[in-house]
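Chemist: The lines below spell out each chain.
Protein chains: 2
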Amino acid sequence: MENENCQVVLNKCSYGLYVVTSHLDGKINGQISDALMQVTACPPKVALSINKNELTHDYILKSRVFGVSVLEKKADLSIIKNFGFQTGRKINKFEKIKYVLGKTNSPLLIESIAATFEVEVFEDVDVGTHRLFIGDVIFAKMIENTEVLTYEYYRKRLKSEIHPNSPSYLEEKK
Amino acid sequence: MENENCQVVLNKCSYGLYVVTSHLDGKINGQISDALMQVTACPPKVALSINKNELTHDYILKSRVFGVSVLEKKADLSIIKNFGFQTGRKINKFEKIKYVLGKTNSPLLIESIAATFEVEVFEDVDVGTHRLFIGDVIFAKMIENTEVLTYEYYRKRLKSEIHPNSPSYLEEKK
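Each protein sequence line maps, in turn, to chains A and B.
Just so we're aligned, residue 1 is where the first sequence starts under our numbering, counting upward by one.
Just so we're aligned, residue 1001 is where the second sequence starts under our numbering, counting upward by one.
Don't read these hints as lab results, they were simulated from the structure.
Hints are not guaranteed to be accurate.
[Said to hold, decoys possible] Beyond 12 angstroms from chain B on every Cβ pair, some chain A residues (computed):
no., residue
1, V8
2, D34
3, M37
4, V39
5, K45
6, D76
7, R131
8, K141
9, M142
10, T150
11, K156
[Unchecked claim] DSSO-like cross-link-like pairs, simulated, lysine-lysine; straight-line CA separation at most 30 angstroms:
no., chain 1, residue 1, chain 2, residue 2
12, B, K1073, A, K159
13, A, K74, B, K1103
14, B, K1096, A, K74
15, A, K159, B, K1052
16, A, K73, B, K1027
17, B, K1052, A, K73
Fair warning: this is a prediction, and the values are worked out from it, not measured in the lab.
Beta carbons: idealized from backbone N, C-alpha and C, even for Gly.
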């Protein structure tokens, strides 16, 4: 099957946009993700797919925890640029970002978000380019019960860029 | 952590709505799911979380394949009632539904959908009430490149019901 056509089809699936964060040895990092979903309600568990090249992947793999900040629809798009298009290996992504440290010590955003929650990983699955982390939601907080930013809205309405490390990345034809 | 509050927060995550189908021993079945996401782009892989009580779960667990029909925004809501609120153990859900059998022999809808794809499962993970099926997308087809139905739109705009077996089910306060 031709991969590009497949991705056009798979882009009909719907996602939110999240800042996924973690920590290791006193350092913090985070990145943009759309590949997150709830997998059970009682008790609440989620799954996250993250590219193995990402620094946040390495932090989660070792710390076994991550934080999720759910971006709101009217989020400042500089947040996506900050977390999605540069690497924490070269800069401190949190330098100009307001945040708190959660119960898992993962940083959680304060602005431009609808909600936050934190996850303790109990299983990870190697799925090739990415790793799937599955965990228990151990803390959750509504910040502002407002409309959230979806991948669809970000991509089509805002005509914005998608990072090649996204599971749903589709290369533009030249 | 109080479970109900957690679910209110987790409902800020975004999902699409899909008819997930499979087959076993010449029988076919399908159900509504929102718990589906792409986990890698190259090659394309997806993960699906499905309640262990569902007949479609049993079919996928044994046949190791499933089909996905991505509901469009203007989908006939009787499809959700048909696939989401009755069990294939008692009735044939496909009796009044137009469908084709895909390459995996999973039924794929023809009407009210934007796209279809089929998955060969390579791994499953027991996550408690649900099982997570992870697989390769082996066939994908765009039916109509139109707006899709999201969980958010279904739940809020259409004020519609959610089945208790959904990973994102939230019991209404009486």
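Chemist: Now tell me, hint by hint, if it's right for this structure.
Modeler: Here's how the hints hold up against the structure:
{"no.": "1", "hint": "V8", "verdict": "violated (6 angstroms)"}
{"no.": "2", "hint": "D34", "verdict": "violated (8 angstroms)"}
{"no.": "3", "hint": "M37", "verdict": "violated (5 angstroms)"}
{"no.": "4", "hint": "V39", "verdict": "violated (4 angstroms)"}
{"no.": "5", "hint": "K45", "verdict": "violated (6 angstroms)"}
{"no.": "6", "hint": "D76", "verdict": "holds (18 angstroms)"}
{"no.": "7", "hint": "R131", "verdict": "violated (9 angstroms)"}
{"no.": "8", "hint": "K141", "verdict": "violated (6 angstroms)"}
{"no.": "9", "hint": "M142", "verdict": "violated (5 angstroms)"}
{"no.": "10", "hint": "T150", "verdict": "violated (5 angstroms)"}
{"no.": "11", "hint": "K156", "verdict": "violated (10 angstroms)"}
{"no.": "12", "hint": "B:K1073 with A:K159", "verdict": "holds (21 angstroms)"}
{"no.": "13", "hint": "A:K74 with B:K1103", "verdict": "violated (42 angstroms)"}
{"no.": "14", "hint": "B:K1096 with A:K74", "verdict": "violated (42 angstroms)"}
{"no.": "15", "hint": "A:K159 with B:K1052", "verdict": "violated (40 angstroms)"}
{"no.": "16", "hint": "A:K73 with B:K1027", "verdict": "violated (43 angstroms)"}
{"no.": "17", "hint": "B:K1052 with A:K73", "verdict": "violated (34 angstroms)"}
Checked against the numbered hints given earlier, the structure breaks hints 1, 2, 3, 4, 5, 7, 8, 9, 10, 11, 13, 14, 15, 16 and 17 and satisfies all the rest.
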